[in-house]
Amino acid sequence: QKEVEQDPGPLSVPEGAIVSLNCTYSNSAFQYFMWYRQYSRKGPELLMYTYSSGNKEDGRFTAQVDKSSKYISLFIRDSQPSDSATYLCAMSLLYNTDKLIFGTGTRLQVFP
Amino acid sequence: GAVVSQHPSRVICKSGTSVKIECRSLDFQATTMFWYRQFPKQSLMLMATSNEGSKATYEQGVEKDKFLINHASLTLSTLTVTSAHPEDSSFYICSAGELSTDTQYFGPGTRLTVL
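Taken in sequence, the protein lines are chains A and B.
Residue -8 in the numbering used here sits at position 11 of the first sequence; the count goes up by one each step and never skips.
In the numbering used here, each residue's number is its place in the second sequence (first place is 1) plus 112.
The hints are simulated quantities; they were obtained by calculation from the structure and are not laboratory data.
This list has only true hints and no planted wrong ones.
Straight-line distance between alpha carbons at most 20 angstroms, and here's what the computed EDC-like set of lysine to aspartate or glutamate pairs gives:
#1 A:Lys80 <-> B:Glu171
#2 B:Lys153 <-> A:Asp(-12)
#3 B:Lys153 <-> A:Glu26
Residues from chain A shown here face chain B by an in silico Cβ test under 8 angstroms; the list is partial:
#4 Lys23
#5 Gly24
#6 Pro25
#7 Tyr76
#8 Lys80
#9 Leu81
#10 Gly84
#11 Thr85
#12 Gly86
If you anchor each label on the Cβ, the simulated ranges turn out as follows:
#13 B:Ser127 <-> A:Ser34: 44 to 54 angstroms
#14 B:Leu211 <-> A:Asn36: 21 to 31 angstroms
#15 A:Asp39 <-> B:Lys167: 31 to 41 angstroms
#16 B:Cys125 <-> A:Ser50: 44 to 54 angstroms
#17 B:Pro220 <-> A:Asn3: 22 to 32 angstroms
#18 A:Glu38 <-> B:Leu180: 41 to 51 angstroms
#19 A:Ser21 <-> B:Lys167: 29 to 39 angstroms
#20 A:Tyr76 <-> B:Glu171: 12 to 22 angstroms
All figures in this text were calculated on a predicted structure; none of them were measured in a lab.
Glycine included, every Cβ here is placed at the ideal spot set by N, Cα and C.
Produce the entire structure from the sequences given, and follow the hints as far as they go.
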């Protein structure tokens, strides 16, 4: 069993849709949970991070962490074609600058 | 935000040669940098943790004699792929942690193709 599981997609949605991306994990010791966006042939770009359980909102993006279920989510409201990318969840044990364990990534396509 | 650069962005080499990839934190100091590898349509897999002034820590299954890491300063880490073979062809990405903001920044990646 992988430490972090993520549906690889691809996920195809129309512009303006609400997108839900999810990851599950097995190691209950993870404390920091990140979402990265990666465009083709580029390095990952940090979107949001959350410490422990709870919600965090930043513009059109909302991250949720449920440690009791070992489940994290990223919601994108009013999705745009520019949101088309691969979204990677990542987790670390100690802090954000610790080594990260990534999910496989979900490829998102938002069509006009 | 902080910037991490990598050089070169792309490299093509013959089998058996060695390739050096540089990772720099441009506007902050990083005592720790990480090297990841990403195969097509797969996620990032951590190869090693690069520590300034000391030996790198390699993940299980990564050959330390093949992937040489040097972290000689607080802004530069290098990864040398020795005696590269076609199976080493991959996207290599480094990251560096900025402690003041508790954020890890990634470089743009280096695409290595071994013929």
